[in-house]
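Colleague: Protein chains in written order, with UniProt numbering: chain A, 1 to 276; chain B, 1 to 276; chain C, 1 to 276; chain D, 1 to 276.
There could be a bad hint or two in this list.
Which copy? The list can't say, so a pair holds if one copy fits it or any two copies do.
As the list claims (entries may be wrong) - With a Cα cut of at most 20 angstroms, we get these calculated DMTMM-like pairs of lysine to aspartate or glutamate:
no., residue 1, residue 2
1, Lys183, Asp206
2, Lys6, Asp55
3, Lys47, Glu22
4, Lys47, Glu181
5, Lys183, Asp27
6, Lys47, Asp27
7, Lys81, Glu22
8, Lys183, Glu19
9, Lys81, Glu9
10, Lys183, Glu3
11, Lys47, Glu9
12, Lys183, Glu13
13, Lys183, Glu61
14, Lys6, Glu71
15, Lys47, Glu61
16, Lys47, Glu71
Hint data in this document are derived by calculation from the structure and do not stem from the laboratory.
Protein chains: 4
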Amino acid sequence: MAEWSKNRERLREIIFEAETPEGRRFDVILFCCIGLSVLAVMLESVKSINQRWGDVLHAVEWGFTAIFTLEYVVRLWTSHKPLRYARSFFGVVDLLSVLPSFIGLFFPGGHALMVVRVLRLLRVFRVLKMARHIAGADVLMGALYSSRAKITVFFTAVLTITLIAGTMMYMIEGSHVVDGEIKGYTSIPVGVYWAIVTVTTLGFGDITPITPLGQILTSLLVLTGYAILAVPTGIVTAEMIGASAGNPTSEACPSCGVHGHLPDASYCRRCGSSLD
Amino acid sequence: MAEWSKNRERLREIIFEAETPEGRRFDVILFCCIGLSVLAVMLESVKSINQRWGDVLHAVEWGFTAIFTLEYVVRLWTSHKPLRYARSFFGVVDLLSVLPSFIGLFFPGGHALMVVRVLRLLRVFRVLKMARHIAGADVLMGALYSSRAKITVFFTAVLTITLIAGTMMYMIEGSHVVDGEIKGYTSIPVGVYWAIVTVTTLGFGDITPITPLGQILTSLLVLTGYAILAVPTGIVTAEMIGASAGNPTSEACPSCGVHGHLPDASYCRRCGSSLD
Amino acid sequence: MAEWSKNRERLREIIFEAETPEGRRFDVILFCCIGLSVLAVMLESVKSINQRWGDVLHAVEWGFTAIFTLEYVVRLWTSHKPLRYARSFFGVVDLLSVLPSFIGLFFPGGHALMVVRVLRLLRVFRVLKMARHIAGADVLMGALYSSRAKITVFFTAVLTITLIAGTMMYMIEGSHVVDGEIKGYTSIPVGVYWAIVTVTTLGFGDITPITPLGQILTSLLVLTGYAILAVPTGIVTAEMIGASAGNPTSEACPSCGVHGHLPDASYCRRCGSSLD
Amino acid sequence: MAEWSKNRERLREIIFEAETPEGRRFDVILFCCIGLSVLAVMLESVKSINQRWGDVLHAVEWGFTAIFTLEYVVRLWTSHKPLRYARSFFGVVDLLSVLPSFIGLFFPGGHALMVVRVLRLLRVFRVLKMARHIAGADVLMGALYSSRAKITVFFTAVLTITLIAGTMMYMIEGSHVVDGEIKGYTSIPVGVYWAIVTVTTLGFGDITPITPLGQILTSLLVLTGYAILAVPTGIVTAEMIGASAGNPTSEACPSCGVHGHLPDASYCRRCGSSLD
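Please build the complete structure, drawing on both the sequences and the hints.
Modeller: Okay, here's the thing in structure tokens:
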């Protein structure tokens with residue numbers, strides 16, 4: 001029984017940690033499985049491929065579902081706090097990545113096709129399982145998180161501008177009929193959608209101004225937008241420089257108290273006394 | 001009478017300040033009202049929704065107008081300097097957000113439809129009432145404001161480039177007829193509009209070069225434009241880093257109270273007294 | 001005769017310098033003249049406006065030509081080194097801004113229409129006269145100039161990538177016929193044009209990939225391009241931060257020699273002695 | 001025989017080094033040859049030019065092939081370690097830039113036309129020979145290389161977002177038939193391609209959302225994308241500033257020779273001796 005518990009502990013280490021060689025190997029294999037299973041879901045949606053290789057993709061799909069189900073069960077079993085794991089972000093993602101295939105079994109034939117189809121596509125979210133294996137993601141998330149107040153202000157400003165610009169375009173340009181189809185700024189929501197597409201310099205070109213006044217407003221919008229869009233870059237850059245510049249300055253000289261030494265400094269640059 | 005004045009003072013605090021719990025609750029409620037009323041204006045412009053829910057939207061509209069009118073009157077009444085409030089930015093916005101609905105009453109039926117329609121759309125500007133509730137907006141505005149000289153230079157440079165590029169495209173490409181419609185660079189203003197759309201990398205695609213020379217000029221324009229468009233980002237980023245690096249220590253001088261000393265300062269840069 | 005020379009000196013000061021109130025007033029008037037004359041050239045190119053207001057625009061044009069001719073002659077006459085002025089950048093621009101109108105006189109009627117038309121459009125370059133009046137432009141030009149080596153490397157890299165990507169798209173996609181017209185990647189130069197439009201995220205949409213392989217290459221190109229396009233921003237930002245960080249630190253404390261004081265410092269932050 | 005060896009050594013210096021005046025002249029000539037030969041390949045692909053100047057381009061092509069073959073042979077012969085050169089990046093590029101022309105000789109007439117055509121286009125890769133002559137490229141590559149971990153995280157995040165957004169658009173919008181052609185989001189891979197085009201603000205406009213829900217998702221995608229795309233700029237900028245801020249003073253410690261001291265350092269941070 002002790003051996004049983006020991007095996008379980010070893011399994012837990014392999015699955016949850018990436019320290020041991022086996023753990024790293026397990027991570028790599030799982031990483032590949034996720035990639036291949038998402039690729040299979042993508043290819044299944046291509047009609048010509050699905051008609052020819054549908055059976056193979058179906059088999060592959062069930063193979064990966066079996067692997068991920070096994071992984072989920074073992075994770076639940078080996079985890080020290082199974083409930084906590086089950087309710088964690090990755091626990092939910094792990095469950096969601098196998099559930100659609102099983103639920104699909106209960107809607108056979110042409111029955112409730114839409115539900116099944118949507119469910120099957122949810123399997124794409126398996127890609128989120130990858131997040132577990134990416135080092136450094138938390139640093140970037142941290143930089144974004146600590147500037148969330150500024151980013152909120154920025155987005156509110158952008159939405160206000162696009163709301164006003166979209167309404168003005170709806171007033172100025174309105175809609176017009178081309179080849180029997182109603183085109184242009186048919187409503188304020190459409191105008192706001194167009195303004196967002198414009199202010200971010202996306203510029204699909206599905207809706208474009210045709211009056212001189214509309215073209216002047218567009219020019220102003222994209223130029224203003226450009227000056228404003230420099231702001232998130234400024235925010236993130238300042239945050240990142242602050243994060244990396246904050247490190248070397250932390251310790252102070254024990255004799256004179258000056259801080260802000262370079263990381264490799266052995267002697268205080270002010271009083272010349274040793275830094276350790 | 002003293003109680004009356006006291007009530008008025010309490011109302012003023014709730015409406016104008018966000019310090020008290022009631023003030024904060026008032027802010028949140030008003031914030032929601034603004035959002036919902038703007039949403040109503042937007043939905044009203046969608047034909048299919050307006051045909052079906054027009055009556056409901058009309059009622060909702062008058063409900064919000066009543067709320068905002070009440071708000072405006074109470075603000076005027078409780079303010080210590082009513083005239084100053086009425087002429088301030090937010091005072092004008094508050095008035096503008098209720099005026100259109102009332103003016104609309106005097107243009108019944110099909111009479112002067114265009115005026116009414118434009119007036120009704122002005123209600124979208126209610127979104128500006130939100131600006132009052134966004135903390136941190138002034139920091140960003142300050143960063144933009146303090147780089148206004150550089151931003152002006154930048155915009156002048158962009159306008160000069162687009163003016164010259166637009167004129168050259170008008171010379172090189174000119175207009176051509178496609179399916180009975182005149183397309184392309186029909187005049188210099190259109191050329192300048194195209195150049196702005198190109199230099200900001202918006203790229204609608206409603207006007208595109210078709211001659212080899214035009215395509216070469218486009219390539220040069222967008223590449224030059226890209227190098228130049230790095231400038232506003234550089235300006236804003238440098239400003240933001242400068243802002244955060246300019247006051248590295250929040251602690252103030254004990255004798256004169258100046259703050260914003262460099263991290264390694266031992267003496268106040270203003271009065272020369274020791275900082276510890 | 002001394003008075004004559006004095007008047008000439010005073011005129012020179014008004015025209016060439018912006019220190020005196022008269023000099024500043026002269027600058028503002030000239031600035032407006034340039035703006036209006038460029039606007040007139042732009043409006044002249046709009047057919048409907050030209051048909052109706054052609055005569056007015058013609059008269060306005062000759063008025064501005066007279067003003068700019070007078071300005072050029074007076075500049076030549078009052079300048080201490082007329083030849084040096086005539087060969088300077090602004091001297092050439094000043095000459096070019098009046099020459100087209102006069103040359104146009106020698107090509108009357110329908111004779112050599114194209115030459116005249118192009119000449120007339122050259123008047124748009126009058127906008128370059130404005131550069132004289134923009135303060136701070138040299139700071140930005142300096143930042144761009146001092147990073148010219150890095151910018152050259154960047155542009156070479158972009159051109160190499162677009163050349164290779166354009167050739168690959170020509171191989172992969174080639175051209176196809178739609179409604180009797182040849183579309184797509186008809187030659188390598190067209191492919192390179194498309195690659196520049198793509199890598200800068202301009203995205204006109206006049207040429208788009210239609211094969212899966214082409215769409216994969218496009219995705220790679222725009223993602224790679226995006227990472228690379230962060231480089232000019234990084235270059236300019238680093239340059240600007242370096243430029244602005246250099247300023248406050250320039251003067252050193254006269255007693256202890258520490259430099260890098262904040263711009264408003266009156267006392268040395270290190271030794272506490274007065275800074276002047 | 002000693003003279004023979006001496007000549008060889010002198011040739012090697014001219015070809016491999018850019019120190020001597022002859023070496024520099026050789027570099028410039030080669031640089032021009034590369035540019036012209038790539039231009040010839042590009043022009044050959046333009047039908048109208050090829051029909052008229054095909055023979056000239058063919059002759060030019062063989063001229064450049066002869067020059068580059070001679071260069072390759074001399075490089076091999078003069079190099080101290082011929083095998084190492086042959087297997088180096090530039091050795092392979094040098095070989096690839098002449099091989100296609102020779103292989104083309106073995107596929108005469110209409111035989112295996114496709115292979116020949118692709119081979120001939122490979123000659124465009126000659127442009128990579130230019131990389132040898134660009135100074136400073138390694139600095140930029142270094143900045144990109146040292147942030148490769150963060151860039152990987154960034155690209156993984158972008159791919160995850162585009163995968164999920166593309167799948168959702170495939171669910172929401174799907175495909176629709178316009179003029180007998182199937183358009184829109186026909187499969188998940190197409191959806192992902194569209195999401196990449198959108199999130200990078202490229203915006204071709206070949207596929208655009210037509211349902212309100214799709215337009216809302218597009219707006220969210222491009223706004224989220226914009227905030228995220230500020231990240232690579234932040235990474236590169238922080239890296240560049242870090243690189244230039246790391247050695248703020250170029251002067252070295254007089255006793256131990258360490259350089260890169262902070263601007264206000266009075267004592268060497270390594271050995272503790274005075275810096276003046």
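Colleague: Which of the listed hints are not met by the structure?
Modeller: 2, 3, 5, 6, 7, 8, 10, 11, 12, 13 and 16
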